[in-house]
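Participant: Taking the hints into account, I'd like the entire structure generated from these sequences.
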Amino acid sequence: MSLSSCSRDGITEWDTDLLVPLAEAHLGVEDLIPDSNIISDNGAPLIIRLNFDYNLIPDDSLLKIPDTLITDNISLPVSFNLPSGFEVANISQLIRFSYKDVKLTEALLESGYAEFSIINSLSDKIIIGYDIPESYLSRQFCKFSNQEVQAASADGLPFEFVKLIDLSNHSLDLRGDNLISYNRMRFSLNAMLNPDGDGASVVANTPFITYKNKFFDLKPAFARGFLGQSSFQFNDGSDVEIMKKISGLLSLEDLSLTINLENSIGADFNLVINNVEAVKNGTSISLQHSVIGSNETISRAQNISSDIYPYTPTQRTYSFTTDNSNIKSLAELLPDRFNYDISAQLNPLGNVSSGNDFVYSSSNIKLNSTIELPLKFSASNLAFRDTITFEGLNSEDSELVNSGELRLIAKNKFPMNMSVQLEFLDTNKTSLQTFFVDQTIPAAAVNSNLRVEVENISTLIIPISDVTKAAVNDARFIVVTARIDTQPEDELLPIYADYFLGLQLIGDGKYRIQVK
Amino acid sequence: MRHSKRIFINVLISVIFTNTPNILQAQENPSLDSISISEILMRIDQPHVYDNKGVIRLWVNAYSQSNSVPSEFSNAFVFPEFITEEIKSEAFSRLKKHNRFGGEFNRGAELGFAPDSSWRAEGKQLSFRYKNSTLFGAAFGEDIFKLIFKGNKQFRDETATLDNTRLSSISFESLEFGFLKTNYNSLFSVHLGIVKGNALSSIDLAQGSLYTSPNGDLLDIAWQGDYTQSSGGNRLKDNPSIGASLSLNFIQKLNDKWILKESLQDLGFVVWNSSTRTSKIDTAFSFTGIQLGSILDISDSKIVLGDSLENKVLGSDIRQSTMIALPALVQFDVVRIFKNRITIGAGIQYRYMPGFIPLTEANISKGFGKNRSIKFTLAYGGFGQIQSGLSAVVFSNHHHSMRIGTIFNEGFISPSSLSGAGVQIHYVHHI
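Just so you know, the protein sequences line up as chains A and B, in that order. Residues 1 to 516 (my numbering) make up the first sequence, in order. Residues 517 to 947 (my numbering) make up the second sequence, in order.
Wrong hints could be hidden among the right ones.
[To be verified] Chain A stretches covered by chain B per the calculated footprint, using a threshold of three residues with CB under 8 angstroms from any CB of chain B:
{"hint": "1", "segment": "10 to 19"}
{"hint": "2", "segment": "22 to 33"}
{"hint": "3", "segment": "496 to 509"}
[Stated by the list, open to error] Straight-line alpha carbon distances no greater than 20 angstroms define the calculated SDA-like cross-link-like pairs of lysine to any residue that follow:
{"hint": "4", "chain 1": "B", "residue 1": "666", "chain 2": "A", "residue 2": "514"}
{"hint": "5", "chain 1": "A", "residue 1": "516", "chain 2": "B", "residue 2": "598"}
{"hint": "6", "chain 1": "A", "residue 1": "510", "chain 2": "B", "residue 2": "730"}
If you are wondering where the hints come from, they were derived from the structure by calculation, not from laboratory data. Computed from a predicted model, the values in this text were never measured in an experiment. Glycine is no exception: its CB is placed at the ideal position from the N, C-alpha and C atoms.
Facilitator: Now the structure itself:
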């Protein structure tokens, strides 16, 4: 590149020879994996421990009281003049909450509302009383009385009275009148025509009172009864997006997976893992272990408080190791998708608790899995490939960079050859230029104990040219391809905490300074 | 540029000497005590005329000067152009341990008048004048000049010493009201002005060094000094930078042979506005590049080297109103009057700018009648070393008069190897 020596109008320019460190980065194991997931004992190879928690039963699918609405009209078969003080309504009605085959007898609401409304079409006011005798808060029943509801207007427009009742922290007795039923609750309404008025006339078969009783957003904190025999089928798969960017050959020394199932529901739970399958590029490997296909029952939790919970959950633990499973083969496949086929059922033996199942809002079937991976492996052509968006450099800035080169000084203490290839693409994803082709950061040498003691320092060079600058200016995407190959080949190499890759970018070239 | 300078000098010489025979024929040889202060000033200074109803004066002068940097180099900033390696090499070869560089660009207009005949009779005038000045000055060592204009690569495995670097650039304009009193033997004037600061940049680096490692992986930087920068504020109503100034001028004809001149210009200050950036720098650090937090998270990242390094070098500045003195100019001259309208003068002046050392001056002037004169000056100091100037009053009559000439004119002759070049034009129109 040679810039013209002609100066632009109004600008004084000159060239300088700069030798400047531009950027620096340090990459250790802790940058790849959070500290909390690394086990690092003094001087020993690192172990990665990963934990995952998962609730098997979706929220609201077990503990739920559906929204319920009751509405009715009151009318007479004949036209009639109602005298003052006439009792126009005396209603006692059962409300039934229905959800799957769940039979609840008792519930403590964390939140929820009852909305009562009454429409008065009479020409005089009425006085109403409302009561839900099975709903109470601190021994106080949910009710109100002597509530006046205004008369319809002179031109016959009815008057509507609406009352919203907050049922938070209310206890609900859902056993019905005979105390042996379930999902039932009674409410009562009485209404009397103004005793001090002149009465009111009604027209035959024309409603003069209309009422609605709505229960909504009822969210129990606790419920008791028979929780039913709901079945859950997990026959799906999930993609591991990051693994789609990784390819190559990986050999692990060891890998273990521990799965703990915790049942905090007061009902037995049955689980059958029919299949777990790892998939990569059309190749799949099914997990082989004694638990696969077997009928596993996790007995109900006890309604006895433990730690911070009001219940005592039951636990089942399954261990997958290289001795009792093929889990290492699954991991070495570098799968980008897991398919699974799992079926589960609540109360597989029916209502064996005689309606004493229970559930708290925090109850679920919790799956806790722990993967323990000793960082000892060999990798061959293990590649990570990704495309990132790029805004390009300011062309005015890059124009000021004259001839020269960028030098990347790499200090590598990993026992692996590394290469990072950057391919710059334009808006149409047409390749503009590729950097670091056939340039490798060489591995550090290991001693007889397969341990690196001294980092390997190497330098990679990017010459700066017109083509280079144009590529950087016009680029809108960069395809990053990073490859590693452990050295020596086919040797399982342990990774230690002091391994790192240090990178420093140095600019060495002519830079044009401009003064306006 | 070079052509324009030569043309200017040719015009100057031809204007003076093409009329010389007539002038010589017309000249008188009056007794010395019959020469008014105004006529003497016409020879040695500005073409003053005070015995009229009033005058309108217009003037412009500009120069750059250095004890080391050739004019060709500094011209690249005055008339923007690319500074070639040849120009830089010539400048580098002339660098000294202590280098100075500076210049001025002044222009202005003045209306002086006597309100009535009694003022005229008493030699008094009122004056309104507008001045616009841009001044810059620098004192610096050899290394920082090479660092700026050739880069740091030449200092591989070496430390560039940047101590005692001072640089100031200021631009301001002033509106002044003045009073002038003159008689046959003396002249006194005083002007008070309101000053508006337009731009200020000031760096005072008491200590500084830059070490560049052999392969460029490390810069060791140490700075200790002050930094001030302001754009002044564009409009008077929009947070302007305002100040005040005082200028005095006194000329006394001691007897029929000696004249004493004392002058004080732009003694004052500007309170630079609240957007003024000031920073006290006292830092030493090793720079190994911008620390990238995670090279694994590079999407949408943007590296801005300049800002990052600038923040480290300049530190965290604060924006606050700051009062700074104007670059006052103080000047003393003694003039000896000889027969045949010849004067010989000597003087000393000092401008309060970095890099400016006391400027001593000797001059000789020759009058050609009452209407023309020529003056040659030798000087040492200022921003430069030995300099010379040649100027002439090319006409002076009852309607108007004008002085044109060069100041610090070595750079006109050999800009690639000598420093210093400047011009002055001063025109007076009689009302």
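Participant: None of the hints should be skipped; say for each whether it holds.
Facilitator: Do the hints match the structure? See the list:
no.: 1; hint: 10 to 19; in the structure: holds (count 10)
no.: 2; hint: 22 to 33; in the structure: holds (count 7)
no.: 3; hint: 496 to 509; in the structure: holds (count 6)
no.: 4; hint: B/666 to A/514; in the structure: holds, 13 angstroms
no.: 5; hint: A/516 to B/598; in the structure: holds, 12 angstroms
no.: 6; hint: A/510 to B/730; in the structure: holds, 17 angstroms
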